[in-house]
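Visitor: Residues per chain are reported as follows:
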Amino acid sequence: MRAIDSISFDIAPGEILGVVGESGAGKSLTGASIIGLLEPPGRIASGEVLLEGQRIDNLNNDQLRHIRGRKIGAIFQDPLTSLNPLYSVGKQLTETIQAHLPVSNAEARKRAIDLLKDTGIPAADQRIDHYPHQFSGGMRQRVVIALALAAEPKLIVADEPTTALDVSIQAQIISLLKNICKSRGAAVMLITHDMGVIAETCDRVAVMYAGRIVEIGPVHEVINHPAHPYTAGLMASIPDITQDREYLNQIDGAMPRLNAIPTGCAFNPRCPKVFDRCKVERPELVDAGATRAACWLAGVCA
Amino acid sequence: MTVLVQVDDIAMTFDVSPSLLTRVIERQPKLFLHAVDGVSFEIEKGKTLALVGESGCGKSTVAKLMVGLYQPTRGNMTFDGMDAHATYKSATGLKLRERIQMIFQDPYASLNPRWIVEDIIGEPLKEHGIITDATELKAKVGDLLKSVGLSPLDGPKYPHQFSGGQRQRISIARALATNPEFLVCDEPTSALDVSVQAQVLNIMKDLQKQRGLTYLFISHNLAVVRHVSDSVGVMYLGRLVELADKQSLFATPRHPYTRMLLDAIPKMHDTGRARTAVQGEVPNPLNPPAGCAFNPRCPHANERCRSERPVFKALHGIKVACHAVEEGRI
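Residue numbers (my numbering), protein chains in the order written: chain A, 1 to 302; chain B, 303 to 632.
Everything labelled a hint here was simulated from the structure, so no lab data went into it.
The model shown is predicted, which means the values in this text are computed figures rather than measured ones.
Positions of the beta carbon are idealized from the N, C-alpha and C atoms, including for glycine.
It cannot be assumed that every hint is accurate.
[As the list claims (entries may be wrong)] Pairs of lysine-lysine, DSSO-like flavour, derived with a Cα cap of 30 Å:
hint: 1; chain 1: B; residue 1: 448; chain 2: A; residue 2: 279
hint: 2; chain 1: B; residue 1: 332; chain 2: B; residue 2: 440
hint: 3; chain 1: B; residue 1: 548; chain 2: A; residue 2: 273
hint: 4; chain 1: B; residue 1: 511; chain 2: B; residue 2: 332
hint: 5; chain 1: A; residue 1: 273; chain 2: B; residue 2: 332
hint: 6; chain 1: B; residue 1: 569; chain 2: A; residue 2: 182
hint: 7; chain 1: A; residue 1: 178; chain 2: B; residue 2: 569
hint: 8; chain 1: B; residue 1: 511; chain 2: B; residue 2: 442
hint: 9; chain 1: B; residue 1: 366; chain 2: B; residue 2: 332
hint: 10; chain 1: A; residue 1: 117; chain 2: B; residue 2: 569
hint: 11; chain 1: A; residue 1: 279; chain 2: B; residue 2: 459
hint: 12; chain 1: B; residue 1: 459; chain 2: B; residue 2: 349
hint: 13; chain 1: B; residue 1: 448; chain 2: A; residue 2: 273
[As the list claims (entries may be wrong)] Covered stretches of chain B (chain A as the covering partner; in silico rule of three or more C-beta atoms under 8 Å from a C-beta of chain A):
hint: 14; region: 327-336
hint: 15; region: 434-441
hint: 16; region: 581-590
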C-alpha cells in the first residue's frame, strides 16, 4: 500500500514550511520518513532525503542516532508521552545534550537551564529538577521544545505541536517556536491540520491530500488565491471568526482510504470542477500563478 | 419568545479528598473541586446557546448536568416549566429524557462497535417504548438516517465501516430518534476534520430549522461558535464571565478573558501576523485565586480584583462579571 506517493519539497535554513491536510492525508508519515522513524513494515520505497546536501534516508540505525537530535529535532503532539515520567526534565535535557555534545556535567546543566529559560519557563533553575507531571500541558510542550533544540539541530520536525493545547496556550507556543527557530536559523517542518496556525507561522505551505502534495507555495498565496479545488474547498469550509455566514461551504464526501484511491486525480469524486481527464490521468504539480498545484485546471481557472 | 431552558445558579462540586485513612494519618482536610460554581442562563425555544472556554472550565460538566447525568449540588434547571432534576428522579423522568438528548464529542467512543447502526439508532425508540413493531422500527430508522444525509441501506452496517463525519451523523440520528426538543451537544465537531466539520454543522443547522430544535452547543472553538449560536456564554474556572448575544459578543467583547480568547485566534487571511499571546495559564481549580479567578492573567487587575469576586450582572445590555467593566476602567 502506498501511504505517501512522490512527495518532493525543500526547506531553507530559517524557513518554516507548513504541511497541512486532513487526517490520513499522510502528513505525519512524511515527517516520520524524514526523521527515519517509520515503523515497520513501513519503509521508504523510493526517493531520497537530503540534509545539508548529505543523503540521510539510507543510513543505518547507528548513523541515524547521531543525526537525530544532533541535526534533526522532533516535537510531537502529546508532550506527556514524549517525556519520560520517571526522570526529571533536567536529567532528560542533560542526557540529550551530553549524548550529542562533549560537555561536562556542570556545563550541560547550565545549558539545560538556559534552554528552559529560552523556552520561557519561569524559575528555570528550580524547575529543572521537577518531573514532567509537575508541569502543565503548555509548560511540558516548552520542555519538549527545549529538548528538541538541545543540540542545536538544523532541522526541526514539529508534528501537531499545538493540537493538544488550549487556544491561549497555543498562541504562546507558536510564537515561541517561530521566534526561537528564526533566531537560531533552523529549518522547520510544521505539520498540522490547523490552517490558522499555518497562516500565522509558516513561510510556505504544502497541502496534502490522499498521500500526495496537491498544492505548495507561499502561505499568503495558497490561502488567498488557492489554485487547487481541494485547497479552495478546505479554505472555504473553515468557519471564519470575522464574519457571519448562514451555511459553511462543504466538500461532500470524505477522503478516500489509502487502499481505495481512485484512478486519475485522487480528489476527482469530490471535486466540483471534475471533467473527463481527471478520472483517467493523474495530474502532476505544475506552476499555477504564484503556487504550484497538481490539477489539470491549474493555471487555467486560477 | 418562550424560554425553554432556564438554569439558576447551578453548581456541581466533586469530592476529590484523599481516602479516610490518609486524611486521618496525615491530617489532611477534605478536598472539593468546584467544577461548576453557580452558573445561570436561559435558552429560548428554537435558539442556540453556545458555551465556550478552555479545558477544565466546566463546560462539559454543565452539559452532563443538563441531561441529568449529574445531580447538581446547588441550584436548579427548569425545562418547559418543570424542575428538571426533580423530574428526572420521578416516575415521569423517562418522558423528560425523551425530550432532552445529547450528542457527544468522540463518535469513535460513543457508538457501540459491536452493534449495527440500525440497533444503535433504534435503541432509544425501543427503550422509551415509542415503537415496538420491527418493520415500523426499521422504517423509522431509515427516515432518521435519511434526515442526516445517510442512506437507509446503511442500517445493517457496523460503526467501523463509516468515516468520522458519518459516525457523528449516526450519533445525531440516534439523538433525534425520540423526537427531542432540546439537544445538548458537547464538542460535536471537535474530533472532525474541517471539511467534514462543515458538513455536520450544516446538517445541525438544517435540523434546527426543520424541527425547531433548541441547542446547547459546547465548544472551545470560537469560530464554530460564531457560526452556530444565537447567544454565547464564556466560562472560566466553573463560572460564566460573560453572556451576550452573538453580535455584541463578537463586536464588543467586554470581559478581558473574552477579549483574550478572541485575540488568541489565528487570523486566516492575515498571514504572518503574530497573535497577542496572553501570558499565564488556567489556575488549578482545586486552589482558585482569591477575588476574580482571572486576575493573575488579567492586564486590568487591581487590588479589588485580587480580593473581591465580581458579581455576574447585567451591564451594557449583556451580562458580565468584571470589576473593571463595572467601574468603566475598560
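Visitor: The structure should be examined with respect to each hint, and the outcome stated for every one.
Guide: Hint by hint, here is what the structure shows:
1. Restraint check for residue 448 of chain B and residue 279 of chain A: the C-alpha separation of about 29 Å stays at or below 30 Å, so the hint holds.
2. Distance check on the hinted pair: residue 332 of chain B and residue 440 of chain B sit about 52 Å apart at the alpha-carbon level, beyond 30 Å; violated.
3. A distance of roughly 36 Å separates the Cα atoms of residue 548 of chain B and residue 273 of chain A; the hinted pair therefore is violated under the 30 Å criterion.
4. Restraint check: the Cα-Cα separation between residue 511 of chain B and residue 332 of chain B comes to about 48 Å, which exceeds 30 Å; the hinted pair is violated.
5. Between residue 273 of chain A and residue 332 of chain B, the direct Cα distance comes to roughly 64 Å. Violation of the 30 Å bound is thereby established for this hinted pair.
6. Of the supplied pair hints, the one linking residue 569 of chain B and residue 182 of chain A holds, its CA atoms being roughly 21 Å apart against a limit of 30 Å.
7. A hinted pair counts as satisfied when its Cα atoms are at most 30 Å apart, and residue 178 of chain A with residue 569 of chain B qualifies at roughly 16 Å.
8. With a C-alpha separation of about 20 Å, the suggested pairing of residue 511 of chain B with residue 442 of chain B holds against the 30 Å cut-off.
9. At most 30 Å may separate the alpha-carbon atoms for a hinted pair to count; residue 366 of chain B and residue 332 of chain B meet this at roughly 24 Å.
10. The straight-line distance between the Cα atoms of residue 117 of chain A and residue 569 of chain B is roughly 29 Å, inside the 30 Å bound, and the hint therefore holds.
11. Pair hint residue 279 of chain A plus residue 459 of chain B holds up; C-alpha atoms about 29 Å apart against a cutoff of 30 Å.
12. At roughly 34 Å between alpha-carbon atoms, residue 459 of chain B and residue 349 of chain B are farther apart than 30 Å, so this suggested pair is violated.
13. Our distance criterion of 30 Å between C-alpha atoms is met by residue 448 of chain B and residue 273 of chain A, whose separation comes to about 27 Å.
14. Coverage of the region 327-336 of chain B by chain A is violated in this model, with 0 residues showing a Cβ closer than 8 Å to a Cβ of that chain against a need of three.
15. With a cut-off of 8 Å between beta carbons, the region 434-441 of chain B has 0 residues touching chain A; three or more are needed, and the interface restraint is violated.
16. A stretch counts as covered by a chain when three or more of its residues have a beta carbon under 8 Å from one of that chain; for the region 581-590 of chain B and chain A the count is 3, and the coverage holds.
The structure fails to meet hints 2, 3, 4, 5, 12, 14 and 15 from the earlier list, while all remaining hints are met.
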